[in-house]
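Visitor: In my numbering, each residue carries its 1-based index in the sequence shown increased by 90.
Everything labelled a hint here was simulated from the structure, so no lab data went into it.
Hints are not guaranteed to be accurate.
Beta-carbon label-pair distances, calculated as ranges [said to hold, decoys possible]:
{"#": "1", "residue 1": "L218", "residue 2": "F137", "range": "21 to 29 Å"}
{"#": "2", "residue 1": "R142", "residue 2": "P190", "range": "29 to 37 Å"}
{"#": "3", "residue 1": "K229", "residue 2": "L186", "range": "40 to 48 Å"}
{"#": "4", "residue 1": "S234", "residue 2": "L186", "range": "48 to 56 Å"}
{"#": "5", "residue 1": "P190", "residue 2": "L218", "range": "35 to 43 Å"}
{"#": "6", "residue 1": "L218", "residue 2": "R142", "range": "34 to 42 Å"}
{"#": "7", "residue 1": "S234", "residue 2": "F140", "range": "33 to 41 Å"}
{"#": "8", "residue 1": "Y230", "residue 2": "F194", "range": "44 to 52 Å"}
Virtual Cβ for every residue (Gly too), placed ideally from N, Cα, C.
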Amino acid sequence: MIKYLVKMLQALSSNTAPAQIAHAVSCGFILGFVPKENLLWYILFVFILFLRIQRGTYALFILIGALVAPFLDPLFNEVGYFILTQSSLTPMFQSLLDIPFVAFTRINNTVVLGSLVCGIAAYLPLWLIARLLVFFWRKYIAASARRWKFVKVLKQIPLIEKIVEAVTEGM
């Protein structure tokens, strides 16, 4: 996890486009929300790797999303149940499940479908927030944070010193 944190800090301070970091945050949350024991998760994971995103941030936010997901499971269950019980969508879900290997995606599970829909719905707001945070970090916070006494004390801790060296190598 420290490796992914270092990569994210490198990206925040490097020439990585803010949109790539924001996409990584949003995609990481989508994948973190979806339960891992189904084919859908693996398909999304591989598909997202083909996108132009910052992969360290992506991996870190998959972990963060996976930590947050159990608290949101009741919401995911309700959203998935609402969608799956819509009579107009029943024929579509029945025909999807008749296709070979689609059943392995567990798209008929309320939590899987609800987490996917909630993750997709949260994509744009998360992208906007992440984009703003990267902008504010680069423009206002990063330069002044290096001068804080707290940061100077932290830099003297051996593990933190190694992380700072790794981050500054990427700049």
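Visitor: The structure should be examined with respect to each hint, and the outcome stated for every one.
Guide: Verification of the hints:
{"no.": "1", "hint": "L218 - F137: 21 to 29 Å", "verdict": "22 Å, holds"}
{"no.": "2", "hint": "R142 - P190: 29 to 37 Å", "verdict": "32 Å, holds"}
{"no.": "3", "hint": "K229 - L186: 40 to 48 Å", "verdict": "46 Å, holds"}
{"no.": "4", "hint": "S234 - L186: 48 to 56 Å", "verdict": "53 Å, holds"}
{"no.": "5", "hint": "P190 - L218: 35 to 43 Å", "verdict": "39 Å, holds"}
{"no.": "6", "hint": "L218 - R142: 34 to 42 Å", "verdict": "18 Å, violated"}
{"no.": "7", "hint": "S234 - F140: 33 to 41 Å", "verdict": "37 Å, holds"}
{"no.": "8", "hint": "Y230 - F194: 44 to 52 Å", "verdict": "47 Å, holds"}
Checked against the numbered hints above, the structure violates only hint 6.
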